[in-house]
Amino acid sequence: MTVAERPPALRSLRQLARAARPKLMSLGYLVLAVVLVIVVWELVLTFGDFPGYVLPGLSDVWRALKAILNPNSPSSMWTNFWSTVLATVYGFLLAAVIGIVLGIAMGEFQFVRQIAMPYIVAMQSVPKAALVPLIITWAGYGSTSKIIIGFMLAVFPIIVNTLQGVSDISDDRINLVRSLGVGRLRELRYVRWSSALPNIFVGLELAIVYSLLGVVVAEVLGAQTGLGVMIAQFETVSDTAGIFALLVVLAVIGFVLNKIVAVAHARFAWWDRGRNHRRGRRAGRPSAKPVVSPATTVASSTTSERQMDKHEMSR
Amino acid sequence: MTSARAVVGQRSGLRRFGKSSTTAPADAATENAIDVQNVVMRYPARDGSEVLALDDLSMHVGPGEFVGIVGPSGCGKSTLLKLVAGIANASGGKLLRAGTEITGPQPDIGFVFQSATLLPWLTVIENTTFPARVLGLPKKPSIERGRELLASVGLSGFEKQYPGELSGGMQQRVAICRALLHEPKLLLMDEPFASIDALTRDRLATELQTILLTHRVPALFVTHSIPEALFLSDRVLVMSARPGRLLAEFTLTAPKPRVLEEAYADPDRIGAEIRSLLSEEHQP
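These protein sequences, in sequence, are chains X and L.
Here the working numbering is used: the first residue of the first sequence is 1249, the next is one more, and so on.
Here the working numbering is used: the first residue of the second sequence is -19, the next is one more, and so on.
Derived by calculation from the structure, the hints in this document are not laboratory data.
Fair warning: there could be bad hints in the mix.
Said to hold, decoys possible - In silico SDA-like pairs for lysine to any residue, Cα to Cα no more than 20 Å straight-line:
hint, chain 1, residue 1, chain 2, residue 2
1, L, LYS120, L, SER136
2, L, LYS119, X, PHE1516
3, X, LYS1271, X, GLY1429
4, X, LYS1314, X, ASP1297
5, L, LYS140, X, SER1260
6, L, LYS140, X, VAL1485
7, L, LYS119, X, LYS1271
8, L, LYS119, X, ARG1515
9, X, LYS1271, X, VAL1430
10, L, LYS119, X, GLY1429
11, L, LYS140, X, ARG1434
12, L, LYS119, X, GLU1435
13, L, LYS140, X, LYS1271
14, L, LYS140, X, LYS1314
15, L, LYS119, X, VAL1285
Stated by the list, open to error - Label pairs and their computed distance ranges (CB to CB):
hint, chain 1, residue 1, chain 2, residue 2, range
16, X, VAL1279, L, GLY137, 44 to 52 Å
17, L, SER29, X, PRO1375, 56 to 64 Å
18, X, ASP1419, L, LYS236, 28 to 36 Å
19, X, ALA1512, L, THR83, 56 to 64 Å
20, L, ASN18, X, ASP1420, 25 to 33 Å
Just so we're clear, the structure is a prediction, and the values are computed from it rather than from any experiment.
C-beta: ideal position from N, C-alpha, C; glycine also.
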């Protein structure tokens, strides 16, 4: 065993400090970004002379924020907050289950892919907001409509990333398990699933934010509870400060939900797909590439079809 | 080794290397012989035309033989290994193993790929015992066997590491251990050292010889390196440029274990002959 072949030493304190530096840096940039917005906002107010219902002062927004955060105030947001968060999570979970199952089925069976793909692309091209009235007609003004819209937005990135994950696997990895003469179920279980997992998580990270987006759009357009409903109410009374306060809350919800999924990603799919990564375990997030736009879907479908042809040739 | 035997149940026909086919037991003699008869392999190219990878290739690999295959890039050497492994189907001709036609994958074959192809989410020992896991073999004996194999390539103590923490040479060692785990009766190696630096490569070749002499596994070994082929093989097959045909074969009688320097020195001028054959191939 030569020096060159020894594995990287276990992390020393200095290495930990070095690892922490990027985090501190990004925290610094975050603070900078917030300060920048505040400064620009105040400058615009000072020199622009806008009425309060167009651009409220930051102090007004702060006051509105305190009011909606206070459980005892008449404009408390908490019932609506939980309504939005729960609908987002339900929509996301539904999308996760259906998206992963459908993505895997599309990766495994060409006919499923060929039947489903046109619908998925068409669905993705339709502006979801345009579908909200239709969904409300069918499912009413309750939570079901919100969950359905959230689901519709969230499911697409999960399907596409799952499909990409299960089909975009190195030939040798597949040959490795195939040369042992086992069926496709074991191939899926022992190689494809884990190979796809980082990609699936990339899809999930996008999906949770999309679900929130769908839920809020549905709420603004017509629902009984939810932060989106509050936005619509504030809008009718020209309470712009209140709207901004809700936007801050929504941003925080989106950030936190995304972070939760990101942490799960780093915990359950820490390896880098494809490459034999040289970083240790728990060394941050994998860098699987997300796939979002319908254009890339079409592209990825053709590559996976090409791969399918390769499958058939080797069978 | 008794525990190891339990992994696959029985293992018949321990064979010696070299020209031992006449002395080997009859069942072993038929068991591992591979007959490639007029095999043709075509596949569709990207532009829609057809690529002829192998054209009327015939060869015989005796049981217990270590056969090196050399040839220009893209001559279908890898395709040949896939056909033998049963993970690809020939467009024409026949491949026989132990007298019966190869129609699908055979779990008693170990495959080493050009890249180590370790699964990054599994530890070294989990990667080594991967075949046992996939095949549903008992866990304990396979882990024991995995440890023994890792120890034999100097990787004791690395069992709990992840592949990403190992160098390329170490990864390829793990891949070789993995290929040997389920006591395959035939080892297929597709340029196993291609992506490894020259010094490590020499050492791995030497280690491979030791492993193969210890575990007595016959092998088909595809390589670009003529010295490597001379060093390890009982017989070297030289293939032509695409479409791949058999150009020549050389039997190497030097006793094993061999010394790598001698293969480099090439005293019988076999390497030189192969080289001139291959350079003729490169002329249009």
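The hints, checked one at a time:
1. LYS120/L <-> SER136/L: Holds: LYS120/L and SER136/L sit about 17 Å apart, inside 20 Å.
2. LYS119/L <-> PHE1516/X: violated, 24 Å
3. LYS1271/X <-> GLY1429/X: violated, 46 Å
4. LYS1314/X <-> ASP1297/X: Status violated; Cα separation ~25 Å.
5. LYS140/L <-> SER1260/X: holds, 19 Å
6. LYS140/L <-> VAL1485/X: The given pair, whose Cα atoms are some 63 Å apart, is violated under the 20 Å limit.
7. LYS119/L <-> LYS1271/X: violated, 42 Å
8. LYS119/L <-> ARG1515/X: This hinted pair is violated, its Cα atoms lying about 26 Å apart.
9. LYS1271/X <-> VAL1430/X: violated, 45 Å
10. LYS119/L <-> GLY1429/X: holds, 19 Å
11. LYS140/L <-> ARG1434/X: violated, 24 Å
12. LYS119/L <-> GLU1435/X: Holds. LYS119/L to GLU1435/X sits at ~19 Å (cutoff 20 Å).
13. LYS140/L <-> LYS1271/X: violated, 29 Å
14. LYS140/L <-> LYS1314/X: At roughly 52 Å apart (the allowed maximum being 20 Å), LYS1314/X and LYS140/L break the hint.
15. LYS119/L <-> VAL1285/X: Given that 20 Å is the threshold and the Cα spacing comes to 59 Å, the pair is violated.
16. VAL1279/X <-> GLY137/L: 44 to 52 Å: holds, 45 Å
17. SER29/L <-> PRO1375/X: 56 to 64 Å: violated, 44 Å
18. ASP1419/X <-> LYS236/L: 28 to 36 Å: holds, 33 Å
19. ALA1512/X <-> THR83/L: 56 to 64 Å: violated, 44 Å
20. ASN18/L <-> ASP1420/X: 25 to 33 Å: holds, 28 Å
Taken one by one, the earlier hints fail for this structure at numbers 2, 3, 4, 6, 7, 8, 9, 11, 13, 14, 15, 17 and 19, listed in ascending order.
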